[in-house]
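Below are the chains, spelled out letter by letter.
Number of protein chains: 2
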Amino acid sequence: MREVGIGIAGFGVVGGGVLSILRKHAGDIEARLGARIVVRRIALRDPEKGRPLDVDRALLTTRLEDLVEDPEIAVVVELIGGVDQAFDLVRSALERGKHVVTANKALLAARGEEIFRLAREKGVDVYYEAAVCGGVPIIRTLREALASDRINALHGIVNGTTNFILTAMAERGEPIETALAEAQRLGYAEADPTLDVSGGDAAQKLCVLAQLAFGARIRPQDVLTEGIMSLKPEDFRWAREFGYALKLLAVARRTSSNGGPDQLEARVHPAFIPAGSLLAGVRGAMNAVVLQSEALGPSMLYGQGAGAMPTGSAVVSDIIDLTRNILAGSPGRVPLPPAKPLVGLRPHDEVRCAYYLHFSVQDAPGVLARIASQLAAHKISIAAVQQREQNDQGKPVPLVIVTHVAREADLRAAIALIDRDPTTLAPTRLIRIESA
Amino acid sequence: MREVGIGIAGFGVVGGGVLSILRKHAGDIEARLGARIVVRRIALRDPEKGRPLDVDRALLTTRLEDLVEDPEIAVVVELIGGVDQAFDLVRSALERGKHVVTANKALLAARGEEIFRLAREKGVDVYYEAAVCGGVPIIRTLREALASDRINALHGIVNGTTNFILTAMAERGEPIETALAEAQRLGYAEADPTLDVSGGDAAQKLCVLAQLAFGARIRPQDVLTEGIMSLKPEDFRWAREFGYALKLLAVARRTSSNGGPDQLEARVHPAFIPAGSLLAGVRGAMNAVVLQSEALGPSMLYGQGAGAMPTGSAVVSDIIDLTRNILAGSPGRVPLPPAKPLVGLRPHDEVRCAYYLHFSVQDAPGVLARIASQLAAHKISIAAVQQREQNDQGKPVPLVIVTHVAREADLRAAIALIDRDPTTLAPTRLIRIESA
Chain P
1 MREVGIGIAG FGVVGGGVLS ILRKHAGDIE ARLGARIVVR RIALRDPEKG RPLDVDRALL
61 TTRLEDLVED PEIAVVVELI GGVDQAFDLV RSALERGKHV VTANKALLAA RGEEIFRLAR
121 EKGVDVYYEA AVCGGVPIIR TLREALASDR INALHGIVNG TTNFILTAMA ERGEPIETAL
181 AEAQRLGYAE ADPTLDVSGG DAAQKLCVLA QLAFGARIRP QDVLTEGIMS LKPEDFRWAR
241 EFGYALKLLA VARRTSSNGG PDQLEARVHP AFIPAGSLLA GVRGAMNAVV LQSEALGPSM
301 LYGQGAGAMP TGSAVVSDII DLTRNILAGS PGRVPLPPAK PLVGLRPHDE VRCAYYLHFS
361 VQDAPGVLAR IASQLAAHKI SIAAVQQREQ NDQGKPVPLV IVTHVAREAD LRAAIALIDR
421 DPTTLAPTRL IRIESA
Chain E
1 MREVGIGIAG FGVVGGGVLS ILRKHAGDIE ARLGARIVVR RIALRDPEKG RPLDVDRALL
61 TTRLEDLVED PEIAVVVELI GGVDQAFDLV RSALERGKHV VTANKALLAA RGEEIFRLAR
121 EKGVDVYYEA AVCGGVPIIR TLREALASDR INALHGIVNG TTNFILTAMA ERGEPIETAL
181 AEAQRLGYAE ADPTLDVSGG DAAQKLCVLA QLAFGARIRP QDVLTEGIMS LKPEDFRWAR
241 EFGYALKLLA VARRTSSNGG PDQLEARVHP AFIPAGSLLA GVRGAMNAVV LQSEALGPSM
301 LYGQGAGAMP TGSAVVSDII DLTRNILAGS PGRVPLPPAK PLVGLRPHDE VRCAYYLHFS
361 VQDAPGVLAR IASQLAAHKI SIAAVQQREQ NDQGKPVPLV IVTHVAREAD LRAAIALIDR
421 DPTTLAPTRL IRIESA
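Going down the list, the sequences are from chains P and E.
The opening residue of the first sequence carries number 1 in UniProt numbering; numbering runs sequentially from there.
The opening residue of the second sequence carries number 1 in UniProt numbering; numbering runs sequentially from there.
Watch out, some of these pointers could steer you wrong.
Each pair may be met inside one copy or between any two copies, as identical chains are not told apart.
[Said to hold, decoys possible] Below, in silico cross-link-like pairs of lysine to aspartate or glutamate (EDC-like), each with a Cα-Cα straight-line distance of 20 Å or less:
(1) LYS122 - GLU65
(2) LYS340 - ASP28
(3) LYS340 - GLU30
(4) LYS379 - ASP349
(5) LYS122 - ASP88
Quick caveat, the hints were computed from the structure, so don't treat them as lab data.
Full structure from sequences and hints, please.
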C-alpha cells in the first residue's frame, strides 16, 4: 500500500485531536484512500511535557527544520499558532515543494498573500479548513461548492467564546463580567480573553473568509471592529422588546457604488438580528455562517468552531484531501484565493445600516425633539422610539431609537452633536441592526 | 485555452438554470479553471416547445444517443428525471468512459449500486450534488469534508413541499387541505403531490444520503415511511403545548445491537422536535440536514432544496469539479459510496423512539387507567398526559400521552389492543419524537 508521510508541528490540543483521529479512523481512511497516511515527525517545544496521548518518542523533535528537511514528509501540518515562527515554517515547507495544512487564521490573515503566492509558484497546495469555524466545512464550501456561484454577503458567528458569553447574557440576564468569568471557568475563554472579546479573532477569520468568498485582500486592521465588552444586560432586554437577538457578527457584504467597481464592507461588531432568524438560534459556543449568493440564495453552515476533535477532524479532512491530490498527481486542483484582489474595501464611513441608539438624557422638555431634529438634519430617519418611565428624579432617562438604514458617517456626526449637548448625560451607545 | 465539452440531457427548469449559470459566470469559471466549459449538445424531447432561454438551435437534439456518441463530450449531465430512460443514458455514457453529473435522486435510490459499480470499473466519476437538497452542499460534505469522521445520525428536512405545508399549518393553524392547495397555487407542490406528501421523495433522498454517510445500501421501499396527510391542526397545537415543532423528518441513525454489528434505522415520518432546535427554525420550502458525527459533533447545512438556480448551481459546481479532475488527470479522486454495504438495516420493529399518542376515547371512568395499564404491560413508560375538557357529552375526548423511549413493536402491540376496546372511538394516532 502506498504511503504518504506527514509531519506535524505543534502537539497541543488540536495536534492531539489530529493524531487521535488519524489513529482511530486509520482503517476507514486507508480503505477510502487506498493509501496509508504515516506520521513521520512531530515537532514540539518541550518533549518532556505531558502529552494528550502517547506517541513513539522517536517521532518527537524540538526542531521544526526536521519536518521540512525530511524527504519522506510530503505534507507539513502547522499547528504551532502565532504568526512569525509559523510563517517561517510554512515558507520553508512550501519552498521545498511540500504541501501545507494549517489551522492558523492569524497567519493567513496577516500573511496569506505571500503564502498563497509562494504555493502558486511552487505548484503545491495550502489547505486550511480548520482556520475558520473549526470543523464546519466553510472553507471547502467556498472553494468548491460555490465555485459556480457569486456570493453577495456573508454573516457569521465565528467566535464561540463571545457567542457563549452573549448567550448567557441573553438567557440569564447576566452582566458581561459574570458571563465572561463563567466562560473562563468552563474553558470557553482564555485567561486573557482580549483577542476574543475585542472582536479581533473574528476579524482575522473574516479576512480569511473574504479572501475566498469575494477575492478581497483585507487585513484585520482594515475591518471595522467593535467588541462586546460595552454591552449591557438592558441591551438584551431592548433587543427582545424590538424582536431581535443580540450577537457578535462578522459581516462582509458586496456593495456597488454608483456604477463604480464593487466594494466590500468588512466589519465585526455586536448586531441586532431578527429573533426568528437561524443565526439567532445559534447558542453557546457554536459557530455558523450564512451566505447570500446569487444562484443558491441564502444558505447556512453550522457546527462546533473549536475543540480538539472538531478542529482535528477539519485538519484530518484536509490531510486526506491533500493525500488524494498527491496520489492522483493533481496538486493545485482547487485554486487558492485569486492572486489579484477582485474587490476593494468600502470605507467605513460609507457603511449603511439600521441602528439601535441608546441615549441617556435628562428628563426635560424638548429633549426628544432636539435628538429627533439632529437625526433628521443628518438624513437619519426614525423607525421606532421608546422611552422608559423614570421614577428617580434627576437620574438619566433611557431613550431608545431604532433608525432606518443610514450612512455611518452621518450617524456618527449626529451622535457627536447630540453627545455634546448638556442634556445628554452619558455617551450614546449604538448597535447595528442586520437583517440576515 | 483548454476546452471541456459537456452534453446536457433535459432542458426544463434545472437545465435552464444550468445553462444560465454557465453563461453568466463563464468569465469567473474560466478564470478559476484555466479552461472553458463548452456545451456541445442539449438533448430534449420537443425542440419546438418554448424554452427557458435561447440557445443555438444547432446544439439541440432529440436523440440522447447524440450526447453519448459525441467524442467531444466528456461529461454527460442527466437532467431528464425518472428511472429507466435515465439509467440507460447514464449506463451508456459510463460505458463509453464519459463522466456523469446527475440531479436524479430516484435513479440513484433505485439503481445507484449498478451505476457506481460501472463507474468504478470504467474509472470515471459520478457527481450528484443536486440530487439531494438542491444547492445545499450535503453530498460534497459527506464525500469529502467528513471523510475523517464517523457519522452516527442524520436528521433532515429534505422535502421543501412538505415543509412549506407544515409551516403554514403551524403558523396559521390551517388544515392540510388548505395548506396543500396554497402550496400548489404558489408552485411549491405539483398537481399530483403524492410523491412529496407521502414521504416517498424524502425516502429516496434518505437512501442517497445513507449510501454516503453510512455505507448503507437501502432502497426507498426499505425505509419506514409515513406521510403528512393524516396530520391535524390540533397536532400542531399539542406540539406547541409540549414545547415541540412538527416537521417531516428523514432520519438515519446508527445503532449497535448487543455487541452485534451496527445497524441503521432508516425512516421518514412526521416528528416532534424541540421548539428551540435549529431544525425547528427551518421554515417554508427550505431544506436542512443535521449530522451527528464523532469528532465534529452536531453540524447543520441549510439552504434552498429546489428551484432552477439553487439546483442549477449544484449541477454547475459538479461540472466544475469534474472538469478539474479531467484537467488534472485525476478521475475517481473522491471515492464513490463503498462497493460493499458497511451496515445493515435495522428492522422497523426494533426502532426506539419516544412517542406522542393521540387517543379518542369515551369520557368514562377507568378509560385512562385502562390505557395506562396497557402501555405499562408493554413496557411503555409515560412522560406526560393531558386531557382536554370536553363540554359536548358523548363526543370523544382527546387524550394525549407522551411516552419515554419505547420499542416500536411494543408500542404497536399496545395500540392495537387499545384500539380494539369499545371505549376507544377512533384509531389512535402516533407521532414520533426526535431530540435532534
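Okay, the hints, checked on the actual structure:
In this assembly of identical chains, the alpha carbons of LYS122 and GLU65 lie at most 20 Å apart only when taken from the same copy (19 Å versus 43 Å across copies). Only between protomers do LYS340 and ASP28 lie at most 20 Å apart by alpha-carbon distance; the minimum there is 13 Å, versus 40 Å within a single protomer. Taking identical chains as interchangeable, the C-alpha atoms of LYS340 and GLU30 lie at most 20 Å apart only when they sit on different chains, with a minimum of 15 Å there against 38 Å within one chain. Taking identical chains as interchangeable, the C-alpha atoms of LYS379 and ASP349 lie at most 20 Å apart only when both belong to the same chain, with a minimum of 14 Å there against 67 Å between chains.
In this assembly of identical chains, LYS122 and ASP88 lie within 20 Å of each other by CA distance solely inside one copy; the values are 16 Å within and 44 Å between copies.
Against the hints set out earlier in the document, no violation occurs for any number.
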